[in-house]
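Asks: Spelled out, the chains give:
There are 2 protein chains.
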Amino acid sequence: MKDIKSYIKNNKDRFIEELIDLLKIPSISADPAYKKDVIKTAETIKLSLEKVGCDKVEICETPGYPIVYGEKIIDSKLPTVLVYGHYDVQPADPIELWTSPPFEPVVKKTEIHPEGAIFARGACDDKGQMYMHVKALEYMTETNQLPCNVKFMIEGEEEVGSESLSWFVTRNQEKLANDVILISDTGMISNTQPSITTGLRGLSYVEVEVTGPNRDLHSGLYGGAVANPINILTKMIASLHDENNHITIPGFYDNVEELSKVERAEMAKAPFSLDNYKKALDIEAVYGEVGYTTNERNSIRPTLDVNGIWGGYTGEGAKTVIASKAFAKISMRLVPNQDWKEITELFKKHFETIAPKGVTVNVKPHHGGQGYVTPIDNTGYLAANKAYTKTFGVPAIPQRSGGSIPIVALFEKELKSKIILMGFGLNSDAIHSPNEHFGIFNYLKGIETIPLFYQYFTEMSSK
Amino acid sequence: MKDIKSYIKNNKDRFIEELIDLLKIPSISADPAYKKDVIKTAETIKLSLEKVGCDKVEICETPGYPIVYGEKIIDSKLPTVLVYGHYDVQPADPIELWTSPPFEPVVKKTEIHPEGAIFARGACDDKGQMYMHVKALEYMTETNQLPCNVKFMIEGEEEVGSESLSWFVTRNQEKLANDVILISDTGMISNTQPSITTGLRGLSYVEVEVTGPNRDLHSGLYGGAVANPINILTKMIASLHDENNHITIPGFYDNVEELSKVERAEMAKAPFSLDNYKKALDIEAVYGEVGYTTNERNSIRPTLDVNGIWGGYTGEGAKTVIASKAFAKISMRLVPNQDWKEITELFKKHFETIAPKGVTVNVKPHHGGQGYVTPIDNTGYLAANKAYTKTFGVPAIPQRSGGSIPIVALFEKELKSKIILMGFGLNSDAIHSPNEHFGIFNYLKGIETIPLFYQYFTEMSSK
Numbered sequence: 007m008k009d010i011k012s013y014i015k016n017n018k019d020r021f022i023e024e025l026i027d028l029l030k031i032p033s034i035s036a037d038p039a040y041k042k043d044v045i046k047t048a049e050t051i052k053l054s055l056e057k058v059g060c061d062k063v064e065i066c067e068t069p070g071y072p073i074v075y076g077e078k079i080i081d082s083k084l085p086t087v088l089v090y091g092h093y094d095v096q097p098a099d100p101i102e103l104w105t106s107p108p109f110e111p112v113v114k115k116t117e118i119h120p121e122g123a124i125f126a127r128g129a130c131d132d133k134g135q136m137y138m139h140v141k142a143l144e145y146m147t148e149t150n151q152l153p154c155n156v157k158f159m160i161e162g163e164e165e166v167g168s169e170s171l172s173w174f175v176t177r178n179q180e181k182l183a184n185d186v187i188l189i190s191d192t193g194m195i196s197n198t199q200p201s202i203t204t205g206l207r208g209l210s211y212v213e214v215e216v217t218g219p220n221r222d223l224h225s226g227l228y229g230g231a232v233a234n235p236i237n238i239l240t241k242m243i244a245s246l247h248d249e250n251n252h253i254t255i256p257g258f259y260d261n262v263e264e265l266s267k268v269e270r271a272e273m274a275k276a277p278f279s280l281d282n283y284k285k286a287l288d289i290e291a292v293y294g295e296v297g298y299t300t301n302e303r304n305s306i307r308p309t310l311d312v313n314g315i316w317g318g319y320t321g322e323g324a325k326t327v328i329a330s331k332a333f334a335k336i337s338m339r340l341v342p343n344q345d346w347k348e349i350t351e352l353f354k355k356h357f358e359t360i361a362p363k364g365v366t367v368n369v370k371p372h373h374g375g376q377g378y379v380t381p382i383d384n385t386g387y388l389a390a391n392k393a394y395t396k397t398f399g400v401p402a403i404p405q406r407s408g409g410s411i412p413i414v415a416l417f418e419k420e421l422k423s424k425i426i427l428m429g430f431g432l433n434s435d436a437i438h439s440p441n442e443h444f445g446i447f448n449y450l451k452g453i454e455t456i457p458l459f460y461q462y463f464t465e466m467s468s469k
Numbered sequence: 007m008k009d010i011k012s013y014i015k016n017n018k019d020r021f022i023e024e025l026i027d028l029l030k031i032p033s034i035s036a037d038p039a040y041k042k043d044v045i046k047t048a049e050t051i052k053l054s055l056e057k058v059g060c061d062k063v064e065i066c067e068t069p070g071y072p073i074v075y076g077e078k079i080i081d082s083k084l085p086t087v088l089v090y091g092h093y094d095v096q097p098a099d100p101i102e103l104w105t106s107p108p109f110e111p112v113v114k115k116t117e118i119h120p121e122g123a124i125f126a127r128g129a130c131d132d133k134g135q136m137y138m139h140v141k142a143l144e145y146m147t148e149t150n151q152l153p154c155n156v157k158f159m160i161e162g163e164e165e166v167g168s169e170s171l172s173w174f175v176t177r178n179q180e181k182l183a184n185d186v187i188l189i190s191d192t193g194m195i196s197n198t199q200p201s202i203t204t205g206l207r208g209l210s211y212v213e214v215e216v217t218g219p220n221r222d223l224h225s226g227l228y229g230g231a232v233a234n235p236i237n238i239l240t241k242m243i244a245s246l247h248d249e250n251n252h253i254t255i256p257g258f259y260d261n262v263e264e265l266s267k268v269e270r271a272e273m274a275k276a277p278f279s280l281d282n283y284k285k286a287l288d289i290e291a292v293y294g295e296v297g298y299t300t301n302e303r304n305s306i307r308p309t310l311d312v313n314g315i316w317g318g319y320t321g322e323g324a325k326t327v328i329a330s331k332a333f334a335k336i337s338m339r340l341v342p343n344q345d346w347k348e349i350t351e352l353f354k355k356h357f358e359t360i361a362p363k364g365v366t367v368n369v370k371p372h373h374g375g376q377g378y379v380t381p382i383d384n385t386g387y388l389a390a391n392k393a394y395t396k397t398f399g400v401p402a403i404p405q406r407s408g409g410s411i412p413i414v415a416l417f418e419k420e421l422k423s424k425i426i427l428m429g430f431g432l433n434s435d436a437i438h439s440p441n442e443h444f445g446i447f448n449y450l451k452g453i454e455t456i457p458l459f460y461q462y463f464t465e466m467s468s469k
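These protein sequences, in sequence, are chains A and B.
My numbering applies: residue 7 is where the first sequence begins, and numbers increase by one.
My numbering applies: residue 7 is where the second sequence begins, and numbers increase by one.
Hints may be right or wrong, so weigh each one.
Any copy will do: because identical chains look the same in the list, a pair fits if it lies in one copy or spans two.
[Stated by the list, open to error] As a list, the in silico DSBU-like pairs of lysine-lysine whose alpha-carbon atoms are at most 30 Å apart:
#1 Lys354 x Lys331
#2 Lys419 x Lys62
#3 Lys331 x Lys370
#4 Lys363 x Lys284
#5 Lys354 x Lys284
#6 Lys284 x Lys355
I should point out that these hints are in silico values taken from the structure, not numbers from a laboratory.
Using the sequences provided together with the hints, build the complete structure.
Replies: In structure tokens form, the structure reads like this:
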């Protein structure tokens with residue numbers, strides 16, 4: 007790819023400005039209040055794809071938020087890369103912890119990002135990483151170096167389970183036909199050590215409701231005599247882990263893939279400092295399943311975490327009340343071979359079983375997805391690794407991520423092609439947290455690396 | 007007391023209108039947003055005391071909300087009754103469960119209140135019950151039948167711990183000198199079976215904060231590898247009760263007064279239907295400390311209840327986050343001999359002890375108060391019982407209440423007189439809950455019974 011460095015240098019400021027404009031739209035898919043903004047973001051993506059030379063761009067309606075589809079087919083005999091990304095973002099709360107407003111992007115320098123990073127919700131997950139692909143295409147079309155066909159599929163429900171995307175993919179196999187699927191929605195080890203995500207965890211996300219008395223009660227007149235839904239909920243949740251932090255749901259581990267000593271030894275080679283990890287989070291000790299390292303706990307092992315809990319009086323001061331209801335949002339991260347629908351059922355059954363008399367329980371499944379593992383000997387992986395090696399000067403390390411992209415397993419099933427997870431974010435980028443950011447270095451490095459993937463993948467495929 | 011029935015009959019509508027006007031002011035002491043309304047309520051009480059013939063009425067400033075003091079001294083040789091009540095109310099949430107707005111009082115008929123009940127926050131606790139005393143005084147002054155001296159002390163912080171009242175009482179023993187303290191801030195068994203509360207539970211109210219990582223984390227990237235503050239909080243709270251629902255805080259039961267078989271048998275005589283109790287609350291089973299009946303669990307036994315819990319994402323939809331912090335409001339109801347400050351210390355120490363490495367815990371004591379038990383052979387009790395017997399046709403039953411009026415123990419200590427708890431509310435009046443109400447029958451019956459107490463207490467005291 008000729009002159010890519012100079013092209014990026016000359017257009018750097020505009021690349022950043024365009025991304026900042028995109029980040030200003032609060033496309034929070036979880037909250038209906040932002041519906042207009044989510045739609046507006048889809049339209050903005052459509053225009054950006056047209057601008058960089060896609061021949062055909064359309065906003066495809068679905069039962070939920072639309073999917074932006076774009077393509078540039080230069081020669082049907084050439085391979086086709088399908089780029090997937092999402093234009094929706096996580097909710098921004100707790101707002102008060104943001105040092106600058108989540109939807110007023112600003113560039114700030116940090117220790118890890120001396121060249122500056124863009125601070126905004128969605129900067130890294132996934133608007134920034136998705137937009138790298140748009141700008142990479144711009145470079146290839148502007149300089150007439152696009153070596154193959156390209157398709158874009160950008161959705162607006164990734165943060166809430168990608169239901170409409172499943173609906174869309176199963177109905178459009180032909181339209182989406184491709185030779186490799188390229189996704190930048192994961193991270194890498196560091197700005198000096200790139201890595202490619204070869205595994206993702208599955209997800210089951212549920213909401214539970216515990217109901218006791220038919221109304222809030224005075225804790226003095228009824229305290230001690232009726233089941234307090236909040237106390238009961240804490241007992242029930244606490245019982246979901248045993249003293250070794252194993253999950254106690256019957257059958258939960260039945261299909262969990264146990265890694266061999268060799269595989270675990272391979273994993274352990276990834277550079278990792280427990281001290282830095284603890285220091286970065288400001289914690290005295292890590293905590294998790296007995297018998298596994300921190301890197302194993304958050305990648306090859308399934309987990310159960312409460313993501314939110316609420317009930318009773320949570321305002322200023324004191325209210326001596328026994329609430330009628332208590333609630334929690336609970337997510338389970340799953341590993342390959344655990345079926346998320348089956349796990350959701352096991353959870354529901356178990357949670358209903360452990361409810362004591364005096365309360366009723368309602369378990370509402372939210373969404374989920376399967377885990378995924380990709381082999382490291384396929385053309386896509388080799389091309390990606392070659393691209394990283396060229397732009398970073400060192401080969402990428404294959405890594406299992408603890409995160410979930412529920413749709414990935416479905417892609418392979420429906421579209422019969424391999425998925426390559428070329429992530430350019432860092433764990434410290436605080437995705438899903440206040441002060442999410444994306445390094446300028448990472449953003450531009452992505453734009454520089456992606457065209458090389460196109461080139462190498464095309465060359466290797468033609469062999 | 008001559009013509010009291012006809013006086014009430016002739017003024018019934020005005021009595022109700024005046025109370026409704028008082029209930030329209032949202033005097034929520036727990037929430038600073040209502041400061042103006044709390045003050046305005048104090049001023050309204052002041053005017054009402056002046057109107058019914060108090061010679062001296064003043065709004066006494068304190069470090070917190072003011073105390074309305076009023077007196078009518080007719081003869082220093084006659085006994086003096088000190089009436090205590092409060093003009094502040096509990097927060098109204100959850101607002102959405104009110105069938106009519108909490109501060110737009112309406113009269114509705116119910117099964118238990120065929121003559122109608124006033125629905126509004128504070129209707130029973132305590133504006134309605136406090137205002138009975140104002141109207142009772144009106145009757146006695148208007149008909150020149152006031153048999154003794156009377157003092158009023160109406161505070162605005164009962165729902166948040168009465169701190170300023172303690173401050174006021176300890177500084178005004180002389181001003182508040184009295185022969186008996188009369189309080190209507192409790193309930194009775196039913197409209198056909200009056201009861202006098204002879205015991206109150208103490209209270210310790212704390213707020214706990216569990217902090218894990220220094221920021222919210224992505225539950226995929228960190229799930230299973232760090233202590234999740236919400237999961238930890240549920241484990242810690244769950245551990246505060248053992249399998250018999252005994253509280254596990256070391257030393258918690260050390261000073262708990264164990265009642266004799268005889269006393270427990272006496273208590274058991276009070277009419278009670280477990281079926282009706284369960285039906286009223288719409289629960290399949292009661293729940294509580296093994297070895298005690300429902301009436302014992304909520305009166306003579308100490309308890310620990312979570313009044314509120316919150317942490318993480320509680321909005322619409324799903325957010326896969328590990329929150330940095332989780333919170334709970336916890337109250338303990340205490341029985342006589344348990345010192346609330348000591349119990350608060352025991353809780354704090356224990357809660358900090360059980361926190362695992364990886365989180366830090368902050369326990370913030372909110373407020374509290376001692377329990378109280380009154381003998382049933384003192385003049386005040388006998389006079390009250392005689393008054394109930396006259397107006398209800400049956401003698402009152404002495405009862406231990408599960409509720410707390412933290413200030414009562416202090417009254418006895420500082421003012422050296424007995425406290426008589428003449429309550430006219432019912433448990434079903436939903437105090438502290440949505441749709442709080444106070445029966446018209448109960449309101450007027452209180453106005454009818456109180457003057458008789460004045461008469462009998464004066465007669466019995468002069469003997």
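Asks: It remains to establish, for every hint, whether it holds in the given structure.
Replies: The hints, checked one at a time:
1. Lys354 x Lys331: The answer is both: 18 Å in one copy and 26 Å across copies each meet 30 Å.
2. Lys419 x Lys62: Close inside one copy (26 Å), not across copies (85 Å); limit 30 Å.
3. Lys331 x Lys370: Both: 15 Å inside a chain and 25 Å across chains, each within 30 Å.
4. Lys363 x Lys284: For Lys363 and Lys284, the Cα distance is within 30 Å only across copies (12 Å; inside one copy 42 Å).
5. Lys354 x Lys284: between (34 Å within a copy, 27 Å between copies)
6. Lys284 x Lys355: Intra 36 Å, inter 26 Å, cutoff 30 Å: inter-copy only.
In summary, the structure agrees with every hint in the numbered list given earlier.
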